[in-house]
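Engineer: With chain R fixed as given, assemble chains H, X, P, U and L onto it according to the hints.
6 protein chains.
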Amino acid sequence: MVYIQRRETFSASHRLHNADWSDAQNEAVFGKCSNRFGHGHNFQLIVTVKGHVDPQTGFVMNLVDLKAIMMAEVIDHVDHRNLNEDVPFLAGIMPSTENLAMAFWKRLSPAIEAKGAALHCIRIIETENNFVEYYGE
Amino acid sequence: MVYIQRRETFSASHRLHNADWSDAQNEAVFGKCSNRFGHGHNFQLIVTVKGHVDPQTGFVMNLVDLKAIMMAEVIDHVDHRNLNEDVPFLAGIMPSTENLAMAFWKRLSPAIEAKGAALHCIRIIETENNFVEYYGE
Amino acid sequence: MVYIQRRETFSASHRLHNADWSDAQNEAVFGKCSNRFGHGHNFQLIVTVKGHVDPQTGFVMNLVDLKAIMMAEVIDHVDHRNLNEDVPFLAGIMPSTENLAMAFWKRLSPAIEAKGAALHCIRIIETENNFVEYYGE
Amino acid sequence: MVYIQRRETFSASHRLHNADWSDAQNEAVFGKCSNRFGHGHNFQLIVTVKGHVDPQTGFVMNLVDLKAIMMAEVIDHVDHRNLNEDVPFLAGIMPSTENLAMAFWKRLSPAIEAKGAALHCIRIIETENNFVEYYGE
Amino acid sequence: MVYIQRRETFSASHRLHNADWSDAQNEAVFGKCSNRFGHGHNFQLIVTVKGHVDPQTGFVMNLVDLKAIMMAEVIDHVDHRNLNEDVPFLAGIMPSTENLAMAFWKRLSPAIEAKGAALHCIRIIETENNFVEYYGE
Amino acid sequence: MVYIQRRETFSASHRLHNADWSDAQNEAVFGKCSNRFGHGHNFQLIVTVKGHVDPQTGFVMNLVDLKAIMMAEVIDHVDHRNLNEDVPFLAGIMPSTENLAMAFWKRLSPAIEAKGAALHCIRIIETENNFVEYYGE
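Here the protein sequences line up with chains R, H, X, P, U and L, keeping their order. Going by this note's numbering, the first residue of the first sequence is number 47, and it counts up by one from there. Going by this note's numbering, the first residue of the second sequence is number 47, and it counts up by one from there. Going by this note's numbering, the first residue of the third sequence is number 47, and it counts up by one from there. Going by this note's numbering, the first residue of the fourth sequence is number 47, and it counts up by one from there. Going by this note's numbering, the first residue of the fifth sequence is number 47, and it counts up by one from there. Going by this note's numbering, the first residue of the sixth sequence is number 47, and it counts up by one from there.
Okay, chain R solo, but in the shape it has when bound:
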């Protein structure tokens, strides 16, 4: 079993805001992350796929295919977008990095399995100091 990883980046804006709460409560929990017009990040998405190495190719999975899946399922939908407003598959989801990781898993896992490999981990780097990992359960 070998694990391969592919990194892609996207630049997006978001706002952490719970519509069920008062402004004061949002401010208390989310602070500046709840500012009305949002803010943004250069997010890095790192996908780990596990599988056996094909003796004909030396590959767990062709990175060309993995890149194409990452672009079609995630990056093309979120890059240069507002994560609260623009992304149908994030509708109704607070776009915290934790929730992004789980939402991206749902889109990436079936597409990777369709290629005969298995998604192992979603890692999102939000800033140089804040990261999230999700292993699907």
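The reader is advised that the hints may include incorrect statements.
A pair counts as met if it fits within one copy or between any two copies, since identical chains are not told apart.
Straight-line Cα separation of at most 30 Å, BS3-like style, residue types lysine-lysine; simulated pairs [to be verified]: (1) Lys-161 to Lys-113; (2) Lys-152 to Lys-96; (3) Lys-78 to Lys-113; (4) Lys-161 to Lys-78; (5) Lys-78 to Lys-96; (6) Lys-113 to Lys-96.
Hints are computed from structural coordinates only; laboratory data are not their basis.
Structural biologist: Chains H, X, P, U and L only, in chain R's frame:
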């Protein structure tokens, strides 16, 4: 003459959009950077100050002072903010990285000169691939 | 279960030296790391916390709280300090990176559990080539 | 149990090419990675060793020894080399990053065990976007 | 006058070898960089363009155009290629990083001037320790 | 004229302290950088050399020679050392990053000129946020 540099970061959203233009023209020039709800970046601001070294301190300028100036004049106004909507000193300015560099110069230069040093360069890293430098003229 | 990570940095000096050994034995084992007046590093501390995502906040744990714990329990005690001389919770401990990871775990784990989450991993980056990870057992 | 990691780099060329296939099939699977005269990378090799901390040294394993093993078993053979042509221990192996990780494991694991520690993971960073990990099974 | 910078990467192989010299002389001057089958790097190319900021766009030059020029004039020719064998515009040129910088200048400068801006600097990062800059004269 | 750059690293400790001042004055100016037992950094030293490209080698200067000069003149003296106590050529010099840059220039410039090239810039990266550059005048 020695040059000292201090890096600070801020996470902000922006949209490149010329209100004098049609949507089609904005799309043609700015592409996805013109999407309606904006996008965002982890910006890095690197300020270069030049001066002589004080023999008592070994410093061109105390980095504690330089950091305080960068925070008070720029970072506190733009971090976790929307650069089109939230920043009084950017009102009426298209928030391209070039224009940010020039606007930041105007705020930082007098404050640094008031400490007896001279601003030499504003560098802004917008993404891992795009950067701007401005030397004041 | 989602894993969140927060990075903080500290600049400290240390010396690897076993007082039970002769100078020659210290030199043989620790080499230049045993030089009498010490040396130093820009350490990076990366803390991983695991937990369930709160549906109200989208957070495993508020990173503002995690940062505050890291500062109060570790960074404020070690930043710009000599790890052999200045840190009460390291008294009698050889400040190797391995031992730092275990000592930091003891301070961080109870404080993180008091917030309803669980410490998963301590990672310390000592130089761009040397790193340590500790999972608590 | 603590995990220590050491990073070393090597600059090498390689070509992904299956001699049992037609040129068209190689092109279809490997694309530009199959170009006749090869291409190259600055590879980063990160080795993770696990073990108990020696109370006399504070070390899982002396990094001087780990570095010496990495140099003697891997880096000295692959740095500034062509991985298809120059490396006896890679003869007959398609030099994909996956296969490099498994081949390096075979050389590093016995040498690390001879020092009383255990190899835990081989990580290879091929580019800033592509990485592989192998845990020995 | 503002300076904008765009980074692109390419992975290539090369060999430093002077055909007018004996093997011993090549070995003495170029060492392992002269190994027969070559080696390789992940090169980073950073292009600096200077110009005035267009008040309509906030741009010195549209980075979409700069990226397209870098791809068409340089990256598409050198990425995943052998710099000694595969690149017509490098024929007869020893592919040292210095010579690459000067050769890339000749291709990029006219294309950038055709867009109304001026090439200011070519920077090539060959490894994490070795870099070259060229300013056109 | 082409500029080549070589990066080397060293891990050292230092303390900013003016012996002519009271403790309170040292604390007021240098803050935590003046703590009695010092602190430390992973310093990066980047040396820029300018010159013409030798048509026989494609080099401004052989990087093997530049590395050897950097090691012999600077790195071997400061790596894993205390900059206040251990380095004869820093005796009587407050080891601020500014002063290190000027002291390193004095040692590196004659050695580089002896090889027929010219030192252009000393850059020291002290932390990920603080840097200094010195051009010799």
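Engineer: When the hints from earlier in the document are held up against this structure, which numbers fail?
Structural biologist: As far as the earlier hints go, not one is violated by this structure.
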